[in-house]
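Go ahead and model the full structure; you've got the sequences and the hints to work with.
Protein chains in written order, with our numbering: chain A, 1 to 307; chain B, 1001 to 1307.
Hint data in this document are derived by calculation from the structure and do not stem from the laboratory.
Backbone N, C-alpha and C define an ideal beta-carbon position, used for all residues, glycine too.
Just to be clear, a hint being listed does not mean it is correct.
Claimed, not checked - Which stretches of chain B does chain A cover? Using the computed rule of at least three CB atoms under 8 Å from a CB of chain A, they are:
#, region
1, 1179-1186
2, 1197-1209
Said to hold, decoys possible - Chain B side only, calculated, beta carbon under 8 Å to chain A, not exhaustive:
#, residue
3, THR1222
4, PRO1226
5, PRO1229
6, SER1261
7, ARG1263
8, ARG1264
9, ILE1293
There are 2 protein chains.
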Amino acid sequence: MSITVVGSVAYDTIETPAGRRERCLGGAATYFSLAASFFTNVRVIAVVGEDFGPEQEAVFKARNVDTRGIEHTAGKSFFWEGSYLENLNEAKTRNTELNVFAAFEPKIPDAYRDSEFLFLANIDPVLQRRVRESMPGVKLVAGDTMNYWIKDHRPALLEVLKGLDVLLINDTEARMLAANNNLVQAARAVMALGPRFLVIKHGEYGATLFHGSAKGKSGERTFRTPAMPLEAVIDPTGAGDSFAGGFFGYLASQPELTPGSFRRAMFYGSVMGSFACERFGTERLEQLTRAEIDERFHVFRELTHLD
Amino acid sequence: MSITVVGSVAYDTIETPAGRRERCLGGAATYFSLAASFFTNVRVIAVVGEDFGPEQEAVFKARNVDTRGIEHTAGKSFFWEGSYLENLNEAKTRNTELNVFAAFEPKIPDAYRDSEFLFLANIDPVLQRRVRESMPGVKLVAGDTMNYWIKDHRPALLEVLKGLDVLLINDTEARMLAANNNLVQAARAVMALGPRFLVIKHGEYGATLFHGSAKGKSGERTFRTPAMPLEAVIDPTGAGDSFAGGFFGYLASQPELTPGSFRRAMFYGSVMGSFACERFGTERLEQLTRAEIDERFHVFRELTHLD
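Okay, structure coming up:
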């Protein structure tokens, strides 16, 4: 089944202990699409400037990602500059230029309308809601957000949460959204705002899926995937979006959404997040094969299973 | 099989967001013994003052822990005061009084000499080494240490590491000991110092077992256990020592030390650490049953296994 994703397609300048890269292709929708494309058909909605050319287009095409929803306008693409020199788990933003993204009005191509899965990557919740409402027939809607929207655009974000089946956020965002430091209590509070499923990402420690009312014993309705213990984290940019792509892409590839498919989706999410960190930008995802993905899935099983 | 443990038996004054307790029974050897006692016979070597009376003795006796190696001397027992008000994952020490511990000279009762397992809890590495050398016939030796010994008593600690089969430390300690921020690289560097097995504890995110040379693909010789997502962390004091007790106690209960027994030991360690946090001090461990432990073990399996 097809996923439509709306989000940023951008250029990133990244500095990590492993080096520096100028103006890599980046953006949440880019990482999500590339990661999800190993599992299912992906269709992107985004806006880019005149600096987005055939070379960038080719990265999507090589993974069969549908780019008809990428709008080309006058000006420059969204640009972000960040550093992981102090902390590999959290980028320090040095510069953000919205550029053409400032006036982004998502338009949904007719060819995308039969998508059964919708992913609302981290953008203005007003836009997330608009896209959500334009695609009422989808089977499963997932989304991401960030501290900025949680703090300063809460009412708009709360409207988005009402329409989500799955929310994917990190520890800090979950605690901030729920105003509660205990993750189990925070998860319950966040699910009360709408999403039936909540994935809390713990960076290098993996992620936890909370589902249902999470009442009763705390282990009963949760699932934890580890992250890969990596010998060298070259660049964590896009790891969270690649997790989302692996997770949601795998779900979209399944004939039925069972508890088992959600568990495997968590593993595939973590697998894709780990690959994203192995090279700068999208380099690793561009060269990846499905065989490598499945091999790492089995390493994850070895890493966590008793027998 | 029997474990001999050497370490502190102490009084703790603890403050957490859930409240404050004055002079609870504590100390690494206490938590370790109580946790391990659910799996095997445990024998303690420690020193206490005149403030350690029948009421404290009874806590060990109720779990069939052999206390003949607890030396009673004039003075007061080791005392620690700490606060978790700022960070539930890391205590802020407010006060430490070594008291009778300052002149501790571990003496090994003859009745302990047939122990096949030895645990060197976090004490002066000079004493750890002395106990290790006094019990050359043991089958498996594990130990713990802390930032203070790593920073200021490194040569003595390095001697201890040469005689250890298993070292259990946390993320910060592993990075400090190896002078390397990448945990996989740090693990390899620490194992090169002696221990064949290294357990790195990640607090609320679980723990990773590294074993063998850890060469080849990074997932091949590692195992991750999650921690329990707890709805209320009342007091994390002793969680690491309880992890060690569950881990090592389970290993000592096994007829053979197979990769499978190490994996299950990691789960039992994490199970015991999670119980320790549910009440102040040793309260939860004192009231625990083996049935509750095995029930939580199964919750851990549910929490991590694909099917």
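How the hints compare with the structure:
| no. | hint | result |
| --- | --- | --- |
| 1 | 1179-1186 | holds (count 5) |
| 2 | 1197-1209 | holds (count 5) |
| 3 | THR1222 | 6 Å, holds |
| 4 | PRO1226 | 4 Å, holds |
| 5 | PRO1229 | 5 Å, holds |
| 6 | SER1261 | 10 Å, violated |
| 7 | ARG1263 | 5 Å, holds |
| 8 | ARG1264 | 6 Å, holds |
| 9 | ILE1293 | 13 Å, violated |
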